[in-house]
Amino acid sequence: MSTPRGLSTKEKLLGIVDDVETIVKELLETTIAQKQDKLSHGEQSQIIQLLMSKNDDFKSTLNLACEQQEIDQKMLQLASEVYKHDQEIQMLQKHLKEADTLLSTALFQAKQKLDQIQKAQTHQVGSEDLIRFAHRISSTNAVAAPATWAPGDPRRPYPTDIEMRMGLLARINDMPISQVLENMAPSTRGGEHQYPNFTQQPWYVASSDVSSSVSSLFANIPEPTVRGNTNHDDVEVMSTDSSSSSSSDSQ
Amino acid sequence: MGSVSVEDIDVDFLALIYDIIKCVERENTESAQAKRSEFQESSQKIQEFHRKLDVTRDQIRKLPGIDYSKEDQIKKLEALRKQLVLKKKLLQKYKDMCALEGVKQYLNPSNAN
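These protein sequence lines map, in sequence, to chains A and B.
If you're matching positions, the first sequence starts at 1 in UniProt numbering and goes up one per residue.
If you're matching positions, the second sequence starts at 1 in UniProt numbering and goes up one per residue.
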């Protein structure tokens, strides 16, 4: 009896066991049967031969199963090795991806730097101009307050009331929104940076003007009478100034 | 599910079948009283035979590595081997990636040529 190709060994073995059961059943039936119903001697011996061949088939298929078990062991080993390699490949891919991200970020930053360098080279500013500009903005204490500054000192530690009034923030309520936006981003238009015109800046006000305006602001403030209240008065002076500027803003 | 090996399977059916047939034949020839005891013995042996077949079926179902025919199994083994070789090649390729070629050339200019 030929076994169909592609049938698994398990199915073959189970099939043989079923066959043995059927043959034994047939054999017992013919043994129990009455004389007239009994199979002939030749037929009986054929059944026994079939049983014997099935027994041999069973043994040989079991040997095949034994071989397949060995192959299965090899397959398990190979599968575990494939799994290990898979893990390694995945880890390498992850590292490569990380390296790729880092390198692309670095490249992007380097390109930005190169652009900045090119821009700096095309718009070179002389050191003398720089020093002059630094002198201009620092001579009026517009950038940083003098180290010895104290309330009442006419030298300014912050934008003065006049400067605030001249600024965009003071006029923000009077202007339509489109104009405000235009004023807020003038440098982005045309793709070129507009460099500040030093002479038109509010901090270019002569120091004597600033001192006079600040002294006029402080003119109405009463002189502190108690020495212990100095800190409180400081706060008063600051808040008065800020309130005056805010009130002028709202006008 | 505990795994079973081929050695655990009892392949000796013939002796039991022979015993059953002998009992049944004796049953046909002996007297009424002897018949009863032979009948009991033969039915007991038949039960035992059925039990043995069931145990064998269970063991076969639990046998590992026989879900395919040998040809299919060998094909799968070859496929796994091929897969492993490819994965090894890929790993090697990743390790010797061209990103490092520049560094290699810089370090060993004579080897690069």
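Quick caveat, the hints were computed from the structure, so don't treat them as lab data.
Certain hints may be false.
[Stated by the list, open to error] The calculated lysine-lysine pairs, modelled on DSS-like cross-linking and capped at a C-alpha distance of 30 Å, are:
| hint | chain 1 | residue 1 | chain 2 | residue 2 |
| --- | --- | --- | --- | --- |
| 1 | A | 10 | B | 35 |
| 2 | B | 76 | A | 74 |
| 3 | B | 87 | A | 59 |
| 4 | B | 70 | B | 95 |
| 5 | B | 87 | B | 76 |
| 6 | A | 59 | B | 35 |
| 7 | A | 74 | B | 35 |
| 8 | B | 82 | A | 74 |
| 9 | B | 76 | B | 45 |
| 10 | B | 95 | A | 84 |
| 11 | A | 10 | B | 52 |
| 12 | B | 45 | A | 38 |
| 13 | A | 74 | B | 62 |
| 14 | A | 25 | B | 87 |
| 15 | B | 45 | B | 62 |
| 16 | A | 59 | B | 76 |
| 17 | A | 97 | B | 88 |
| 18 | A | 12 | B | 35 |
| 19 | B | 70 | A | 84 |
| 20 | B | 95 | A | 38 |
| 21 | B | 22 | A | 59 |
| 22 | B | 93 | A | 97 |
| 23 | B | 70 | A | 74 |
| 24 | A | 97 | A | 84 |
| 25 | A | 38 | B | 82 |
| 26 | B | 76 | A | 12 |
| 27 | B | 87 | A | 94 |
| 28 | B | 93 | A | 84 |
| 29 | B | 35 | B | 52 |
| 30 | A | 59 | B | 62 |
| 31 | B | 87 | A | 74 |
| 32 | A | 59 | B | 75 |
| 33 | B | 88 | A | 10 |
| 34 | B | 45 | A | 59 |
| 35 | B | 87 | A | 97 |
| 36 | A | 38 | B | 70 |
| 37 | B | 52 | A | 12 |
| 38 | B | 62 | B | 75 |
| 39 | B | 93 | A | 94 |
| 40 | A | 25 | B | 62 |
Here's how the hints hold up against the structure:
1. Straight-line distance between C-alpha atoms of residue 10/A and residue 35/B comes to about 40 Å, which puts the hinted pair past the 30 Å bound.
2. Between the alpha carbons of residue 76/B and residue 74/A the distance comes to roughly 11 Å, so the proposed pair stays at or under 30 Å and holds.
3. The straight-line distance between the Cα atoms of residue 87/B and residue 59/A is roughly 39 Å, outside the 30 Å bound, and the hint therefore fails.
4. Proposed proximity of residue 70/B and residue 95/B is contradicted: the alpha carbons are some 37 Å apart, above 30 Å.
5. With a C-alpha separation of about 16 Å, the suggested pairing of residue 87/B with residue 76/B holds against the 30 Å cut-off.
6. The hinted pair formed by residue 59/A and residue 35/B fails the criterion: a straight-line CA distance of about 35 Å is larger than 30 Å.
7. As the CA atoms of residue 74/A and residue 35/B are separated by approximately 56 Å, the hinted pair breaks the 30 Å bound.
8. For a cut-off of 30 Å, the pair hint linking residue 82/B to residue 74/A stands: about 14 Å separates their Cα positions.
9. Taking the CA atoms of residue 76/B and residue 45/B, the gap is near 43 Å; set against the 30 Å cutoff, the hint is violated.
10. A distance of roughly 16 Å separates the Cα atoms of residue 95/B and residue 84/A; the hinted pair therefore holds under the 30 Å criterion.
11. The hinted pair formed by residue 10/A and residue 52/B meets the criterion: a straight-line CA distance of about 17 Å does not exceed 30 Å.
12. At roughly 22 Å between alpha-carbon atoms, residue 45/B and residue 38/A fall within 30 Å of each other, so this suggested pair holds.
13. Restraint check: the Cα-Cα separation between residue 74/A and residue 62/B comes to about 19 Å, which is no more than 30 Å; the hinted pair holds.
14. Simply put, residue 25/A and residue 87/B have alpha-carbon atoms about 55 Å apart, too far for the 30 Å limit, and the pair is violated.
15. The straight-line distance between the Cα atoms of residue 45/B and residue 62/B is roughly 26 Å, inside the 30 Å bound, and the hint therefore holds.
16. With a C-alpha separation of about 25 Å, the suggested pair residue 59/A and residue 76/B falls inside the 30 Å cut-off, and the hint holds.
17. Only pairs whose Cα atoms come within 30 Å are accepted, and residue 97/A paired with residue 88/B is accepted, the gap being roughly 20 Å.
18. Distance hint between residue 12/A and residue 35/B is unfulfilled; the C-alpha atoms sit about 39 Å from each other, more than 30 Å.
19. Only pairs whose Cα atoms come within 30 Å are accepted, and residue 70/B paired with residue 84/A is accepted, the gap being roughly 26 Å.
20. Between the alpha carbons of residue 95/B and residue 38/A the distance comes to roughly 78 Å, so the proposed pair goes past 30 Å and is violated.
21. For the given pair, residue 22/B sits about 24 Å from residue 59/A by alpha-carbon distance, which is consistent with the 30 Å threshold.
22. Among the hinted pairs, residue 93/B with residue 97/A is consistent with the structure: their alpha-carbon atoms are about 16 Å apart, no more than 30 Å.
23. For the proposed pair residue 70/B and residue 74/A, the alpha carbon gap of about 13 Å is at most 30 Å, so the pair holds.
24. Our distance criterion of 30 Å between C-alpha atoms is met by residue 97/A and residue 84/A, whose separation comes to about 20 Å.
25. This hinted pair does not check out: residue 38/A and residue 82/B have alpha carbons roughly 59 Å apart, beyond 30 Å.
26. At roughly 19 Å between alpha-carbon atoms, residue 76/B and residue 12/A fall within 30 Å of each other, so this suggested pair holds.
27. Only pairs whose Cα atoms come within 30 Å are accepted, and residue 87/B paired with residue 94/A is accepted, the gap being roughly 16 Å.
28. Only pairs whose Cα atoms come within 30 Å are accepted, and residue 93/B paired with residue 84/A is accepted, the gap being roughly 17 Å.
29. Taking the CA atoms of residue 35/B and residue 52/B, the gap is about 25 Å. The hint holds against a cut of 30 Å.
30. Proposed proximity of residue 59/A and residue 62/B is supported: the alpha carbons are some 17 Å apart, at most 30 Å.
31. Restraint check: the Cα-Cα separation between residue 87/B and residue 74/A comes to about 18 Å, which is no more than 30 Å; the hinted pair holds.
32. For the proposed pair residue 59/A and residue 75/B, the alpha carbon gap of about 24 Å is at most 30 Å, so the pair holds.
33. Distance hint between residue 88/B and residue 10/A is unfulfilled; the C-alpha atoms sit about 34 Å from each other, more than 30 Å.
34. Distance check on the hinted pair: residue 45/B and residue 59/A sit about 23 Å apart at the alpha-carbon level, within 30 Å; holds.
35. Restraint check: the Cα-Cα separation between residue 87/B and residue 97/A comes to about 19 Å, which is no more than 30 Å; the hinted pair holds.
36. Among the hinted pairs, residue 38/A with residue 70/B is inconsistent with the structure: their alpha-carbon atoms are about 41 Å apart, more than 30 Å.
37. For the hint pairing residue 52/B with residue 12/A, the CA-to-CA distance comes to about 18 Å; that is within 30 Å, so the pair holds.
38. At most 30 Å may separate the alpha-carbon atoms for a hinted pair to count; residue 62/B and residue 75/B meet this at roughly 23 Å.
39. Pair hint residue 93/B plus residue 94/A holds up; C-alpha atoms about 15 Å apart against a cutoff of 30 Å.
40. For the suggested pair residue 25/A and residue 62/B, the alpha carbons sit about 26 Å apart, so the restraint of at most 30 Å is met.
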